[in-house]
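Engineer: What follows is the residue order along each chain.
2 protein chains.
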Amino acid sequence: MSEERVEAEVVVVGAGLAGLSAARELKRLGVDAVVVEARDRVGGRTLNEPIGGGEIVELGGQWVGPGQDHALELIAELGLETFPTWCEGKNVFERSGRARTYSGTIPKLNPVSLAEVGVALKRLEKMASKVDVSQPWVQTDLARWDSETFATWARRNARTPAARDLLRLAIQAVWAAEPEDVSLLHALFYVQSSGGSLEKMLDAEGGAQDSRVVGGTQLISERMAAELGDAVHLGFPVRRIRWREMPGGVEDQPLGTGPHPVTVEADGLTVSARAAVVALPPAVAGRLEYDPVMPSVRDGLTQRMVQGTVVKCHAIYDEPFWRAEGLSGQATSADGPVSVTFDNSPPSGSPGVLLAFLEGNAARAATDLPPEERQQIVLDCLVRLFGPKAAKPEKFVDKAWAADEFARGCYGGYLPTGAWLMYGAGLRAPVGPLHWAGAETATVNAGYMDGAISSGIRAAREIAPGT
Amino acid sequence: MSEERVEAEVVVVGAGLAGLSAARELKRLGVDAVVVEARDRVGGRTLNEPIGGGEIVELGGQWVGPGQDHALELIAELGLETFPTWCEGKNVFERSGRARTYSGTIPKLNPVSLAEVGVALKRLEKMASKVDVSQPWVQTDLARWDSETFATWARRNARTPAARDLLRLAIQAVWAAEPEDVSLLHALFYVQSSGGSLEKMLDAEGGAQDSRVVGGTQLISERMAAELGDAVHLGFPVRRIRWREMPGGVEDQPLGTGPHPVTVEADGLTVSARAAVVALPPAVAGRLEYDPVMPSVRDGLTQRMVQGTVVKCHAIYDEPFWRAEGLSGQATSADGPVSVTFDNSPPSGSPGVLLAFLEGNAARAATDLPPEERQQIVLDCLVRLFGPKAAKPEKFVDKAWAADEFARGCYGGYLPTGAWLMYGAGLRAPVGPLHWAGAETATVNAGYMDGAISSGIRAAREIAPGT
Chain Z
1 MSEERVEAEV
11 VVVGAGLAGL
21 SAARELKRLG
31 VDAVVVEARD
41 RVGGRTLNEP
51 IGGGEIVELG
61 GQWVGPGQDH
71 ALELIAELGL
81 ETFPTWCEGK
91 NVFERSGRAR
101 TYSGTIPKLN
111 PVSLAEVGVA
121 LKRLEKMASK
131 VDVSQPWVQT
141 DLARWDSETF
151 ATWARRNART
161 PAARDLLRLA
171 IQAVWAAEPE
181 DVSLLHALFY
191 VQSSGGSLEK
201 MLDAEGGAQD
211 SRVVGGTQLI
221 SERMAAELGD
231 AVHLGFPVRR
241 IRWREMPGGV
251 EDQPLGTGPH
261 PVTVEADGLT
271 VSARAAVVAL
281 PPAVAGRLEY
291 DPVMPSVRDG
301 LTQRMVQGTV
311 VKCHAIYDEP
321 FWRAEGLSGQ
331 ATSADGPVSV
341 TFDNSPPSGS
351 PGVLLAFLEG
361 NAARAATDLP
371 PEERQQIVLD
381 CLVRLFGPKA
391 AKPEKFVDKA
401 WAADEFARGC
411 YGGYLPTGAW
421 LMYGAGLRAP
431 VGPLHWAGAE
441 TATVNAGYMD
451 GAISSGIRAA
461 REIAPGT
Chain S
1 MSEERVEAEV
11 VVVGAGLAGL
21 SAARELKRLG
31 VDAVVVEARD
41 RVGGRTLNEP
51 IGGGEIVELG
61 GQWVGPGQDH
71 ALELIAELGL
81 ETFPTWCEGK
91 NVFERSGRAR
101 TYSGTIPKLN
111 PVSLAEVGVA
121 LKRLEKMASK
131 VDVSQPWVQT
141 DLARWDSETF
151 ATWARRNART
161 PAARDLLRLA
171 IQAVWAAEPE
181 DVSLLHALFY
191 VQSSGGSLEK
201 MLDAEGGAQD
211 SRVVGGTQLI
221 SERMAAELGD
231 AVHLGFPVRR
241 IRWREMPGGV
251 EDQPLGTGPH
261 PVTVEADGLT
271 VSARAAVVAL
281 PPAVAGRLEY
291 DPVMPSVRDG
301 LTQRMVQGTV
311 VKCHAIYDEP
321 FWRAEGLSGQ
331 ATSADGPVSV
341 TFDNSPPSGS
351 PGVLLAFLEG
361 NAARAATDLP
371 PEERQQIVLD
381 CLVRLFGPKA
391 AKPEKFVDKA
401 WAADEFARGC
411 YGGYLPTGAW
421 LMYGAGLRAP
431 VGPLHWAGAE
441 TATVNAGYMD
451 GAISSGIRAA
461 REIAPGT
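Residue numbers (the numbering used here), protein chains in the order written: chain Z, 1 to 467; chain S, 1 to 467.
Calculated from the structure, these hints are not laboratory results. Hints should not be assumed to be uniformly reliable.
Listed next, the stretches of chain S that the computed footprint assigns to chain Z, with coverage defined by at least 3 CB atoms under 8 Å from CB atoms of chain Z [as the list claims (entries may be wrong)]:
(1) 65 to 73
(2) 448 to 459
Reference listing, derived: stretches of chain S covered by chain Z, where coverage requires no fewer than 3 residues with Cβ under 8 Å from a Cβ of chain Z [as the list claims (entries may be wrong)]:
(3) 173 to 180
(4) 397 to 404
Don't be surprised by glycine CBs; every beta carbon is placed ideally from N, CA and C.
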């Protein structure tokens, strides 16, 4: 294998939103940075898939909403536009074999269950407001919340099966995991990081699923990469990072001078630099070889931060037939395996695209299946929710992110019980000249595209604070 | 880097007890196997450390006990001997600043707490008896137990602080983790795998800490390696395993014939083979690169199976001074950070060796400290437990396993909530020509040296069933 060698002030590992934002911010600060990306494309967990006629669907992250200022600003700066998520009409809720329509965020349930869900959401928000999202690990008084799963909390706080089902659907929708998987403290951290309202996180209009990017979110990364030009190296999977502490520290040395204590070794490319930004999901960053090895607080964090599991599916029809029937295309099913759907048609409204998510256990069961089987499982659900016209799409495209070598799951990383207090400090603290970015390292909108972008900017400024 | 190339019928990755047992069994079955080991020594998580005068202490796994037949047989076959763990005398129990002596396994507490612990242990054993250790993942009726941590179960089943403290100490002693970390189902699986009695797992005489190996447990691996001769390659960290499914499967082809669909790439060494045994902790196995990538059930398992955290410390004195005071050298402290101690003197009784464990959170806090600080923390505890003579050992040796690149924790891997049912099937099921060994993959005595040995033999027989 031929070995290309490059020198730079800063090397960025990963050309997703976090890595490219870091490189872009470094460039703005006058710092020479190169980006090394394993895949032959930029965008990380955002990915456009052409579906013909100049249209695309997004197989990865796609929505932006109010309060996601970093994302909204970047989209505007790059000359991109947003459009509102298609959501006019009635939503569908399915449970115990019955599908019913409703309006708003929370489906019509019996009054007791509805009241339980309402109280539970209020309690969660009140608890979340106590979490310091910048450093939950110092809040040792929150140990109790980190000792239990969301599942045990939900069992105590929702007694009716319908209310428990709704809470489960919320967990699946936000973390692509099950209530059993997630530490209660992690759920609270995440809610607080996203603005404090779990309900808003689940909403389309005015919520986290408010708007989409015309042309698809991968354009954000593609335009940043275009600005960076040949500083972005695609198709070089990083395997090893060698680093050393510099006597006296490199931080005090002016940029552009001094030694290069970091060597990033990819298949076919070696980059030496003064500092590095590792912009990968923690579970993936933990698989690199580090020399010297990571301190145990960092390694323990990457051992524990698990990737969610989702299969994002698109059934593409000649037209959005559900609209004629007064339906929004949004559906939620407690019966599964599809847990939630959206109308994901392009701005023109044609073709009609139903987006269906398999999340958590449903995605785990489906990921290793043959694609045809997975497709049939999803279409069967869509027929139940939207009628027989859903049975025969023109096209069906999906992506099982847990099978993706460089993501090993989506939407992102979450922590099981017992991890935040002992290992949270390993999430973002630099190790010598190595800095960490990625959606999971954000304090505001952690796990979202917005958090990825701000994390890259934050990592860049750690390295070039004075510029 | 020079590249050595080797061909073999089977390549074994890892020269710990599991890998060497696999290679030894393959040799017995007439199958040519080579072993590739990252470290410059064999033994994996067993490790002898010379302390002068021809004596050693064991920095890793050391005990064997009744029911660990694979270990006891192998020790005898290799011409090694065992001796009883030093345990004559009174034990010490410390809680709320008071150290008291007692006899037996369970310290003297107030009667209410003692009764609570007794009932809790009985309940655990009864629940554990329902776990099918060979495939808990098919027991979907156990989902409830996998939805909660040991901590929430213990809060419901032990109301007095003293009883909760004892249960916490038991979890720390067995998993080097905290009750918050471990799925209740994982705890039950492990108890059942170890014979069904948590109390026996904590016992010296007649229990899992019954006996030791004269000369140290690393001799087991060293003698197996000596039998295998130059088939064992030390100092070659494996980075990548390339494999392919053979049309028609290789399993039907007689050994010694056919293609070599596996290539194991280590730094400086490449081995091609017909099949592989990967005998690494799952958390470490998950960091290798696989081409093609692992199915998501396997990758999800390795993402979730976390290594426990322990610092194993030895304070070495001219003589075992505690014996003259009628003490066994065994102590348990709810005050910490040392949670448990043993008399770890060699068979001759001289020098006197106190073994002290930092486990779970105590180990996590201590792993990245400077060695002198860690030593002082431990000696301060030993003085509280055994008096001022403990303050000045002749020598102090410890090992923080979470900092070890090729273990990243000890005693072994455990599963947090939500993992057994969805990912347990990825623990042991072969993937094409790749087979999995290691203590964590055992059904009987999972996590123990005995389980490591039987897992290696099992993996060997998967590959060479007819021979």
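Engineer: For every hint, state whether the structure bears it out.
Structural biologist: Taking the hints in turn, this is what the structure says about them:
1. 65 to 73: The restraint on the region 65 to 73 of chain S is violated, since only 0 of its residues have a Cβ under 8 Å from chain Z and three are required.
2. 448 to 459: Result for this restraint: violated, n = 0.
3. 173 to 180: holds (count 4)
4. 397 to 404: Since three or more residues must qualify, the claim that chain Z covers the region 397 to 404 of chain S holds, with 3 doing so at under 8 Å.
Hints 1 and 2 from the earlier list are contradicted by this structure; the remaining hints agree with it.
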